[in-house]
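K.L.:
The chain contents come next:
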Amino acid sequence: MARSREPMLWAMFGGGGMLAALTLPAIFAALFIAAPLGWIEPLAQEDARALASHVVARLALFAVVSLGFFHWAHRFRYTLYDGLQLYHLNTLVAVLTYGSATALTALAGFVFFVAL
Amino acid sequence: MSGHGRERGGPPEPPNQERSRADEAVGGAGAPGGGRDRATDEVGGPAGGAGGTRVADSGGAAAAFPDTDRRGPGPGGTPGNPAYTRYHPKWHRPRIPIFWWLRSPAYVIFIARELTSVAVGYAGLLILLLTWNVARGPEAYGAMLGFLARPGILAVHAFVLLALVFHSVTWLNLTPQALPRRIGGRRIRPWSVLAGHYLAWLVVSAILVWIVAVKS
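Protein chains in written order, with the working numbering: chain A, 1 to 116; chain B, 1 to 216.
The set of hints was computed from the structure by calculation and includes no laboratory data.
It should be emphasised that the depicted structure is a prediction, and the values quoted were computed from it without experimental measurement.
Accuracy of the hints is not assured; some may be wrong.
[Said to hold, decoys possible] Partner residues are not named here, just some residues of chain A that face chain B (Cβ under 8 Å, in silico):
hint	residue
1	L22
2	L31
3	F69
4	R75
5	F76
6	V95
7	L107
[Stated by the list, open to error] Simulated restraints on C-beta separations:
hint	chain 1	residue 1	chain 2	residue 2	range
8	B	A140	A	W39	18 to 26 Å
9	A	V95	B	A140	29 to 37 Å
10	B	F147	A	G99	22 to 30 Å
11	A	H54	B	R103	44 to 52 Å
12	B	L154	A	V55	19 to 27 Å
Just so you know, even glycine gets a beta-carbon here, dropped at the ideal spot from N, CA and C.
Please model the complete structure; the sequences and the hints are all you need to start from.
P.N.:
Rendered as structure tokens:
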């Protein structure tokens with residue numbers, strides 16, 4: 001069964017990689033570099049809340065963040081596999097990486113659709 | 001059967017070459033067919049408590065290879081468990097040092113590219129944290145902004161941004177290889193795939209920055 005999951009995991013890795021490539025540098029630069037440095041005015045709390053709680057923004061942020069987690073899980077798993085050659089820990093590493101991505105995705109669902 | 005297999009979960013199928021070579025070494029009875037099984041039975045290993053009725057012991061062979069498994073004859077002179085073989089093939093597995101990827105700049109770039117996934121995951125976490133603090137109210141949001149403005153945090157984040165850009169560049173550079181060369185009979189040129197993706201990156205980035213900057 002493990003083999004049959006691979007295409008799905010790869011699709012999530014690929015989708016997350018593409019979304020991250022297109023959106024994350026801009027988001028990260030604007031929110032976490034430019035705004036703290038004062039290059040742009042940081043969003044006021046009510047504006048940030050209004051912006052993020054738009055349904056399109058919720059869905060987009062959830063997609064970028066959760067697929068990004070699965071992108072990390074898949075790539076990091078094989079980095080450990082090839083780089084550190086943890087062949088014997090293959091199952092453990094897979095459970096830890098994909099498990100973390102799943103848990104963090106649940107957390108993202110809570111943050112974007114319940115808390116916000 | 002005798003439970004001292006030397007192969008730990010390996011494939012149970014013994015290669016024939018090994019067996020017949022072993023047979024030749026023992027008694028020259030390497031002819032394929034009936035003679036082979038008899039020959040291996042003859043050197044059936046140290047009997048010990050096996051309790052099997054050994055047909056013969058050709059003497060030095062068993063003593064010379066004390067850790068060979070016991071291939072005792074089954075009922076009626078048939079060989080024992082065929083899963084066991086006297087000689088296990090040695091697999092060629094060169095030992096590779098953990099830092100093999102420091103040997104060449106290309107390998108270092110490969111590992112760096114793979115590790116950009118950590119930056120992607122971290123960016124996701126930070127977006128989650130920020131959104132969570134936005135949801136909690138002005139006070140928590142203000143504390144979060146103060147945290148983001150710390151010099152040490154900013155230095156780390158500058159590095160993360162570098163990694164994210166490196167991810168984007170390496171990812172988009174691979175798109176010509178990942179997409180089909182023909183769509184509906186029309187040839188797609190690699191450079192146009194590349195240009196399209198970089199254009200998309202530029203447009204998406206501009207829109208996102210515009211949204212954040214104009215709203216503020």
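K.L.:
Each hint needs a verdict: does it hold in this structure or not?
P.N.:
Okay, the hints, checked on the actual structure:
Checking L22(A) against chain B: minimum C-beta separation of about 5 Å stays under 8 Å; hint holds. With a cut of 8 Å, the hint placing L31(A) at the interface with chain B holds, because the nearest CB-to-CB distance is about 7 Å. Here the hint on F69(A) is kept, as its CB sits about 6 Å from the closest CB of chain B, short of 8 Å. Hint status for R75(A): holds, given a least beta-carbon distance of 4 Å to chain B, under 8 Å.
The closest approach between the C-beta of F76(A) and any C-beta of chain B is roughly 5 Å, which is under the 8 Å cut-off, so the hint is satisfied. This hint is violated: V95(A) has a C-beta 17 Å from the nearest C-beta of chain B, more than the 8 Å allowed. The beta carbon of L107(A) comes within 7 Å of a beta carbon in chain B, closer than 8 Å, and the hint placing it at the interface holds. Remark: the range hint 18 to 26 Å for A140(B) to W39(A) is upheld by a beta-carbon distance near 24 Å.
Checked against the hint of 29 to 37 Å, the pair V95(A) and A140(B) passes, with Cβ atoms roughly 33 Å apart. In this structure the hint that F147(B) and G99(A) lie 22 to 30 Å apart at CB holds, the actual value being about 28 Å. A hinted range of 44 to 52 Å holds for the C-beta pair H54(A) and R103(B), which are about 50 Å apart. At about 32 Å, the beta-carbon gap between L154(B) and V55(A) misses the expected band of 19 to 27 Å.
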